[in-house]
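Work the whole structure out from these sequences, hints included.
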Amino acid sequence: RKEVEQDPGPFNVPEGATVAFNCTYSNSASQSFFWYRQDCRKEPKLLMSVYSSGNEDGRFTAQLNRASQYISLLIRDSKLSDSATYLCVVRFAGTALIFGKGTTLSVSS
Amino acid sequence: GAVVSQHPSWVICKSGTSVKIECRSLDFQATTMFWYRQFPKQSLMLMATSNEGSKATYEQGVEKDKFLINHASLTLSTLTVTSAHPEDSSFYICSARDFETGQGSASSGNTIYFGEGSWLTVV
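From first to last, the protein sequence lines are chains A and B. The numbering of the first sequence is this note's numbering, which starts it at 1 and goes up by one. The numbering of the second sequence is this note's numbering, which starts it at 110 and goes up by one.
Hints in this document: simulated from the structure, not taken from any laboratory. Idealized CB from N, CA, C, for every residue including glycine. Just so you know, not all the hints are guaranteed correct.
Just so you have them, the derived chain A footprint on chain B, three or more residues with Cβ under 8 Å [unchecked claim]: (1) 152 to 164; (2) 170 to 180; (3) 223 to 229.
Okay, derived cross-link-like pairs now, BS3-like style, lysine-lysine, Cα gap no bigger than 27 Å in a straight line [unchecked claim]: (4) B:129 - A:79; (5) B:175 - A:42; (6) A:45 - B:123; (7) A:79 - B:175; (8) A:101 - B:173; (9) A:101 - B:150; (10) A:79 - B:173; (11) A:79 - B:123; (12) A:42 - B:123; (13) B:173 - A:42; (14) B:150 - A:79.
Quick look at the structure:
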């Protein structure tokens with residue numbers, strides 16, 4: 001079983017739509033959780049950290065369920081500029097980031 | 110904010126030659142750097158963890174004699190792809206852990222910074 005699993009998509013949505021991505025991780029010892037965004041042929045960039053209490057940053061909301069080992073990202077009011085690949089990432093203490101394969105989002109006008 | 114510079118951004122080399130990729134932390138000290146490889150439509154796969162002043166730790170399946178990593182200073186790690194073959198063509202990307210903010214804690218992701226990546230094409 002892969003360490004971090006995501007639905008690769010693609011998710012094709014119109015502008016203004018709300019879209020949700022899900023992710024599961026296999027190692028219960030994972031301590032830190034993130035969503036990264038990767039544009040085509042570019043390095044990944046941190047979108048937001050994910051906390052058990054849930055956290056929101058503008059149109060983006062992330063949730064973590066440690067019991068189910070499940071992470072989610074909700075994007076409201078999608079913009080064309082949101083088109084990218086969204087990477088679910090976990091980390092154990094002091095070690096490298098472990099990436100999921102990514103979920104591709106395409107927002108159209 | 111902290112910056113990690115990776116060079117070269119693009120490189121084309123002939124099969125059988127070696128290619129060196131540099132990863133520099135520009136305004137912080139990085140005792141640990143990570144090297145990833147990403148094939149098209151695939152995830153970033155960790156190749157090795159590079160620690161300043163010591164041997165790199167390679168992930169299972171990564172040939173340490175083919176992918177030579179040197180982390181001679183707190184601001185520079187290099188990855189050399191030796192005797193490159195077309196199947197080594199990929200996107201190589203490094204990340205560096207900020208020594209100050211990462212010390213002694215589980216750390217949040219914002220203490221790990223990525224280079225811009227290097228596209229290697231072996232012909």
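Each hint tested on the structure:
no., hint, in the structure
1, 152 to 164, "holds (count 5)"
2, 170 to 180, "violated (count 0)"
3, 223 to 229, "holds (count 5)"
4, B:129 - A:79, "39 Å, violated"
5, B:175 - A:42, "25 Å, holds"
6, A:45 - B:123, "31 Å, violated"
7, A:79 - B:175, "43 Å, violated"
8, A:101 - B:173, "24 Å, holds"
9, A:101 - B:150, "8 Å, holds"
10, A:79 - B:173, "43 Å, violated"
11, A:79 - B:123, "42 Å, violated"
12, A:42 - B:123, "24 Å, holds"
13, B:173 - A:42, "26 Å, holds"
14, B:150 - A:79, "23 Å, holds"
Consistency note: the structure conflicts with the earlier hints numbered 2, 4, 6, 7, 10, 11.
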